[in-house]
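The whole structure should be built from the sequences, with the hints applied where relevant.
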Amino acid sequence: MGLKAIFTKRQYLTKVINSLCPRIFFRLSPFKYRSREHWKMQGEGDPHGYDKYNTYNPKIRILINELDLRAEKTSEILDLGCNCGYYLWELKKAGYSRLSGVDISERAIEYGKKMFDLKDLDLYIGSFEIVLPQLAASGRQFDLIYTMGATVELVHPSFDIVRSICDLSRHYVILDIYEWGHSYPRFWEYEFNRQGFILIKCQRPISGGETKNPIEEDSLLVFKRFR
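The opening position of the sequence shown corresponds to residue 1 in my numbering, with each subsequent residue numbered one higher.
Read the hints as simulated data drawn from the structure, not as lab findings.
Every value quoted in this text rests on a predicted model; they were computed, and no experiment measured them.
Think of the CB as a built atom: it goes at the ideal place given N, C-alpha and C, for glycine as much as any other residue.
Each hint should be verified, as a subset may be incorrect.
No farther apart than 25 Å at their CA atoms in a straight line, the calculated lysine-lysine pairs in the DSS-like style are these [unchecked claim]:
1. Lys-59 - Lys-32
2. Lys-59 - Lys-93
3. Lys-52 - Lys-93
4. Lys-201 - Lys-73
5. Lys-15 - Lys-201
6. Lys-212 - Lys-4
7. Lys-73 - Lys-59
8. Lys-114 - Lys-52
9. Lys-73 - Lys-52
Pair ranges (Cβ atoms, derived) [as the list claims (entries may be wrong)]:
10. Phe-25 - Ala-136: 20 to 26 Å
11. Ser-97 - His-48: 28 to 34 Å
12. Pro-133 - Phe-187: 31 to 37 Å
13. Asp-68 - Ser-29: 36 to 42 Å
14. Arg-227 - Lys-32: 26 to 32 Å
15. Ile-17 - Cys-202: 20 to 26 Å
16. Arg-227 - His-38: 33 to 39 Å
17. Arg-225 - Ser-29: 27 to 33 Å
18. Glu-210 - Met-41: 16 to 22 Å
So this is what it looks like as C-alpha cells:
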C-alpha cells in the first residue's frame, strides 16, 4: 500500500503555473492587485497592521547570524517588505549602518520612523512592482537583500519579482519564505538560477527544529550571485 504524498499534484501544478507560464498569461488576471491593496490599507488594529510586527521576533537572531557571515557592517542592505522596520531597527542596533527598506504601507513606515528612530534610513513607500524597477533604473544596487516572513510569495506572478530582486543584488539574497504556502508559491531555486544565483543554504524549517508541517512552516533560503 502506497504512502500518501506530502505535497499534492495540485500544489506542484500551482508552482508550475506560477514559475513557467508566460507573464502575459497573468496580466489578464483580475486578482493581480488584490494582495498589495490589502497590505496597503492595513493599519493599527487590523489583522496585518503594523502593530502586529513591532515586537521581538526570535528570527532576528537567524537573520543577524546570516548577515554576520556574508556582509560587512558597512554593506548596503535592503529589507523587502520592511513593514514598520522592526528588523531594520535590530540590524541598526547590531552595528549595520547602510540600511534601506521598502514597503507598500505608508502608515507602517511613518510609524517605524518614530517608534524605532529610522529617520536616517532610506525607506521607500510603494509596491514592489513600482519601487524595484525605479531603483534599478536609477542604478541603485545593494550588497545583500533579505525578506522575513511572507512577502515575495504574496506577489502576483504577473510581475517578475525574482528578476527584479536579482537586478538589485550584487552578492546575496536571503529569504525567510513559505515554499508551499500563501498565494503564489513557485520553484524558487529554479527562478533564482535563471537570474544567475545559486542556492548555498537551505534550512527547513527556518528554526532548525523538527519538521512538523512542511506546508505551513517557513524555510531559510540563501542565494549567492554566481554570474
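Do the hints match the structure? See the list:
no., hint, verdict
1, Lys-59 - Lys-32, "violated (30 Å)"
2, Lys-59 - Lys-93, "holds (15 Å)"
3, Lys-52 - Lys-93, "holds (21 Å)"
4, Lys-201 - Lys-73, "holds (21 Å)"
5, Lys-15 - Lys-201, "holds (21 Å)"
6, Lys-212 - Lys-4, "holds (16 Å)"
7, Lys-73 - Lys-59, "holds (19 Å)"
8, Lys-114 - Lys-52, "holds (16 Å)"
9, Lys-73 - Lys-52, "violated (28 Å)"
10, Phe-25 - Ala-136: 20 to 26 Å, "holds (24 Å)"
11, Ser-97 - His-48: 28 to 34 Å, "holds (30 Å)"
12, Pro-133 - Phe-187: 31 to 37 Å, "violated (23 Å)"
13, Asp-68 - Ser-29: 36 to 42 Å, "holds (41 Å)"
14, Arg-227 - Lys-32: 26 to 32 Å, "holds (31 Å)"
15, Ile-17 - Cys-202: 20 to 26 Å, "holds (23 Å)"
16, Arg-227 - His-38: 33 to 39 Å, "holds (37 Å)"
17, Arg-225 - Ser-29: 27 to 33 Å, "holds (31 Å)"
18, Glu-210 - Met-41: 16 to 22 Å, "violated (37 Å)"
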